[in-house]
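2 protein chains.
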Amino acid sequence: MSRHPVRDSSEFKELLERLAVVDDLARAAAVLRWDMETYMPPGGAGSRSQQVGTLRRLSHQHFTDPRTGELLHRLAGVVQDLPYDSFEASLVRRALRDYERATRVPARLVGELGEATALASHAWARARSANDFASFAPYLERNLALLRELADRLGYEQHPYDALLDEYEPGMRLSDIEPLFEKLRDALVPLVQAISRRAGMVDDSLLHQPYDEQRQWQLTLEALKAIGYDFERGRQDRSAHPFTTTLGFGDVRLTTRIDPQDFSSALFSSMHEGGHALYEQGIPEELARTPLGDAASLGTHESQSRLWENVIGRSREFWRFFLPKAQALFPDQLGKADVETIYRAVNRSRPGEVRTEADEVTYNLHIFLRLELEKELLTGRLAVKELPEAWNAKMESYLGIRPRDDAHGVLQDIHWSQGMIGYFPTYALGNVLSVQFFDQARSERPEILEAVAHGEFQPLLSWLRERIHRHGSKFTPKELVERVTGSPIRVEPYLAYLQRKYAELYGL
Amino acid sequence: MSRHPVRDSSEFKELLERLAVVDDLARAAAVLRWDMETYMPPGGAGSRSQQVGTLRRLSHQHFTDPRTGELLHRLAGVVQDLPYDSFEASLVRRALRDYERATRVPARLVGELGEATALASHAWARARSANDFASFAPYLERNLALLRELADRLGYEQHPYDALLDEYEPGMRLSDIEPLFEKLRDALVPLVQAISRRAGMVDDSLLHQPYDEQRQWQLTLEALKAIGYDFERGRQDRSAHPFTTTLGFGDVRLTTRIDPQDFSSALFSSMHEGGHALYEQGIPEELARTPLGDAASLGTHESQSRLWENVIGRSREFWRFFLPKAQALFPDQLGKADVETIYRAVNRSRPGEVRTEADEVTYNLHIFLRLELEKELLTGRLAVKELPEAWNAKMESYLGIRPRDDAHGVLQDIHWSQGMIGYFPTYALGNVLSVQFFDQARSERPEILEAVAHGEFQPLLSWLRERIHRHGSKFTPKELVERVTGSPIRVEPYLAYLQRKYAELYGL
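These protein sequences, in sequence, are chains A and B.
Residue 1 is where the first sequence starts when you use the working numbering, and the numbers rise one by one after that.
Residue 1 is where the second sequence starts when you use the working numbering, and the numbers rise one by one after that.
Worth flagging that the hints you see were computed from the coordinates, not collected in a lab.
Computed from a predicted structure; not experimentally measured.
Be aware that a few hints might be false.
Any copy will do: because identical chains look the same in the list, a pair fits if it lies in one copy or spans two.
[Stated by the list, open to error] Keeping only pairs whose Cα atoms sit at most 25 angstroms apart, straight-line, the calculated SDA-like set for lysine to any residue is:
(1) Lys501 / Ser315
(2) Lys183 / Ala89
(3) Lys394 / Leu191
(4) Lys13 / Gln61
(5) Lys13 / His62
(6) Lys385 / Ser462
(7) Lys336 / Arg467
Sequences are here, hints too, so could you generate the full structure?
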């Protein structure tokens with residue numbers, strides 16, 4: 001008798017083969033998109049979009065083929081007796097969930113969404129550079145209409161938003177995240193105000209000097225190597241917007257950007273993307289070419305990037321290790337700095353209009369604002385034409401500032417033009433989880449933070465590998481947090497971390 | 001009534017859509033392969049081969065779908081009344097030819113060939129570095145057995161070799177090329193001998209000095225820009241083996257290699273690949289995403305690379321224009337050189353064991369040797385185990401040298417391990433055609449060569465665009481040569497060019 005009766009069955013093998021083709025097509029599309037953002041000459045844009053469209057369509061066709069469903073339904077019965085976290089049971093569970101979502105959406109709607117969001121992305125780019133929200137409004141309305149239909153097709157119990165959120169955070173509902181976010185908001189708004197009153201306490205002028213781009217590049221490579229990113233199985237390149245992408249097992253790449261007047265932009269971009277990349281590099285080969293070969297969710301993903309960027313990268317311990325390296329590359333700019341000076345500089349908090357430039361304290365308020373608005377847009381309670389004013393009003397009440405114009409306000413993010421509603425909350429979830437996971441790690445391995453000061457990142461990384469990365473997407477984010485920390489998602493650790501850190505920095 | 005009754009018909013549109021998907025998949029595979037050779041980290045190799053395999057298999061499946069044949073056969077009747085070179089008639093003719101070839105080969109054989117050649121390529125790389133032909137022999141035997149079956153499936157009238165050659169040179173047979181090659185061989189062997197007796201006449205020590213790699217890179221970019229390569233629709237990168245690839249309409253890339261001890265290696269690699277790339281950049285958008293969007297054949301392709309690399313790049317006129325540019329980048333190495341010195345240096349001829357390093361005179365003899373051997377291998381008249389000795393003996397009779405070992409002899413090329421038998425003759429055909437086309441161009445536009453001396457390449461390029469590039473693969477190579485030059489393929493112009501040039505260089 002076979003030792004792996006399910007895995008060795010012809011039906012399971014057939015399923016694996018089908019899923020491998022689907023995954024190959026998706027990864028091929030990832031190669032094409034990586035190239036688009038890094039090296040593609042301008043002339044290639046038109047044909048490249050067609051190619052990516054073809055790959056996505058074929059991938060969807062292969063996945064939603066009725067034979068996939070047949071195999072999944074038959075195997076669902078067979079794997080019942082296997083452990084919940086076994087490869088076979090997890091694979092069938094996850095694939096069935098994805099299959100059911102995918103087949104609820106008619107091909108016609110997939111096509112219309114693809115077309116509408118492509119047009120809307122172009123309209124958004126034009127509108128942003130012309131600071132002309134009105135020209136973008138009809139495209140956003142069209143996207144919203146299609147997303148409402150999408151939510152209806154996917155189905156939901158309480159709120160259409162749940163159907164969209166579920167794409168990025170499997171199993172997560174508004175009713176899960178709103179109570180968390182309210183608690184956070186109620187604590188962060190006064191914290192921002194308190195910091196604003198003592199703005200002069202922290203000086204980051206050190207960062208704002210000319211920094212040679214080649215040397216900045218070298219510095220990011222040193223940081224990535226230090227934290228354990230494997231360059232044999234990945235690489236770093238430059239792009240306008242930093243991102244991480246998996247092009248296949250053993251090939252997880254990231255990009256960064258360089259600001260010649262502030263080396264911390266490239267460094268923290270690289271550490272952020274490096275955190276994402278460590279997660280993907282930690283997913284074992286067994287899960288490759290299956291739907292289990294991804295992160296559990298976007299929020300889980302973001303927990304890793306934020307952990308490395310903020311909890312580690314903006315800690316005193318990290319700078320005790322890393323300042324001498326930065327000084328060796330930038331003796332003129334940093335030669336006289338001490339750990340305390342650089343620690344304070346990289347942790348300066350100040351309300352700003354742009355989310356991607358926000359610090360740890362203000363960042364989440366940018367997210368809550370977006371979540372509240374997109375919920376209202378989706379139900380139609382907020383009209384698109386009223387959106388800019390609603391945006392600005394919320395900005396004022398949360399952060400005490402009004403954007404100088406729509407380009408730096410409601411038009412700053414690409415997400416809505418691409419039809420990604422339900423995506424923003426994953427950023428805030430990632431922030432919350434970064435500290436919940438880190439506290440758990442320290443409670444199990446108290447030496448982790450002090451090791452960082454000696455340039456030893458392996459204690460932390462191996463814990464993350466063991467507890468989080470190696471599971472790929474076997475578990476939903478809720479299940480994962482429970483397994484790792486023994487409790488549901490909680491904001492208290494994160495809030496305590498922020499309050500402690502900023503009370504000390506600003507003498508509150 | 002429609003102005004384009006065929007083009008506007010639903011069947012023609014359906015055909016175009018099917019072919020576009022096939023092309024998208026092939027171009028996506030080209031992106032994946034380009035990345036493999038340029039930027040992919042080592043860890044990505046395994047999953048990348050799987051992805052390329054999946055794309056190729058799907059592309060083949062889509063193309064050989066019976067519906068493609070149905071549409072093609074119906075449309076073949078409809079386009080009969082349209083001009084031979086019309087888009088519609090050409091498309092159906094070319095696609096039908098490809099379809100019939102593709103459907104004659106069972107999927108089983110395609111799979112076996114894919115697997116056998118993948119194994120053989122690895123075995124070849126190991127065998128070459130260990131200088132161990134015997135370890136490669138069984139893989140070559142397996143390839144040959146499969147290629148014999150392939151030839152039988154494809155069908156042929158006179159010789160199984162014809163079936164394989166037809167893949168690279170549509171419509172070309174051994175009976176077309178052998179008489180040409182014999183004439184060439186009979187003239188080149190004595191020419192090589194005559195040059196060998198006067199080897200001291202030409203000195204290329206100028207080339208063999210340290211040349212800064214950055215500056216070499218700049219020099220190749222200047223050459224490419226000068227000849228008209230469009231960097232908005234392409235780019236140059238480095239790779240171990242230079243190549244050109246089309247990743248989509250508007251995205252034709254090339255690679256080069258740099259020898260820090262000889263700047264001419266990078267320069268001529270770039271001009272060679274640049275010639276290929278100019279061809280592909282000259283194929284009009286109308287033909288994109290169809291089987292007409294390629295070159296007429298590999299030989300035709302090579303005619304363009306050789307024309308720019310040799311006929312232009314190794315001419316006195318080119319160096320009258322280009323020497324000052326090279327001198328500006330390399331004042332120490334080239335400051336004192338004159339046009340005559342560099343012209344002689346880049347045209348030095350000397351028999352060598354390695355094809356890819358061969359000069360204009362000896363290059364074709366490397367090809368004839370391979371063609372003669374692979375013909376005998378295919379029919380089984382030559383046993384694989386006798387191959388190394390047969391190789392060495394031919395080398396001696398054609399070039400007067402014996403390779404130092406098999407690694408630099410019979411194991412030097414990757415082609416046979418990849419199952420590419422019938423490919424080598426296209427290199428010699430390209431050499432022959434480069435001069436036949438160039439002579440025709442000069443007879444129509446006598447100013448072309450003198451313009452090169454002034455850095456004006458447009459007269460030549462626009463002629464090539466008009467007469468060759470814009471047709472894509474509407475014509476077979478034989479048809480194209482007839483249309484362009486008014487005669488069949490002839491070796492006399494090429495032979496006259498070589499004899500004139502080398503008689504003068506070596507005082508023969």
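Okay, the hints, checked on the actual structure:
In this homomeric assembly, Lys501 and Ser315 come within 25 angstroms of each other (Cα to Cα) only inside a single copy, at 10 angstroms, whereas the closest approach across copies is 71 angstroms. For a Cα distance limit of 25 angstroms, the shortest separation of Lys183 from Ala89 qualifies neither inside one copy, at 36 angstroms, nor across copies, at 70 angstroms. In the homo-oligomer, the alpha carbons of Lys394 and Leu191 lie at most 25 angstroms apart inside one protomer (17 angstroms), although the nearest pairing across protomers, at 85 angstroms, exceeds that limit. Taking identical chains as interchangeable, the C-alpha atoms of Lys13 and Gln61 lie at most 25 angstroms apart whether they share a chain (19 angstroms) or sit on different chains (21 angstroms).
Taking CA atoms no more than 25 angstroms apart as the test, Lys13 paired with His62 passes in both settings, with 16 angstroms inside one copy and 23 angstroms between copies. Proximity of Lys385 and Ser462 under a CA criterion of 25 angstroms is satisfied in neither setting, with 50 angstroms inside one chain copy and 53 angstroms between copies. In this assembly of identical chains, the alpha carbons of Lys336 and Arg467 never lie at most 25 angstroms apart, being 40 angstroms within a copy and 68 angstroms across copies at closest.
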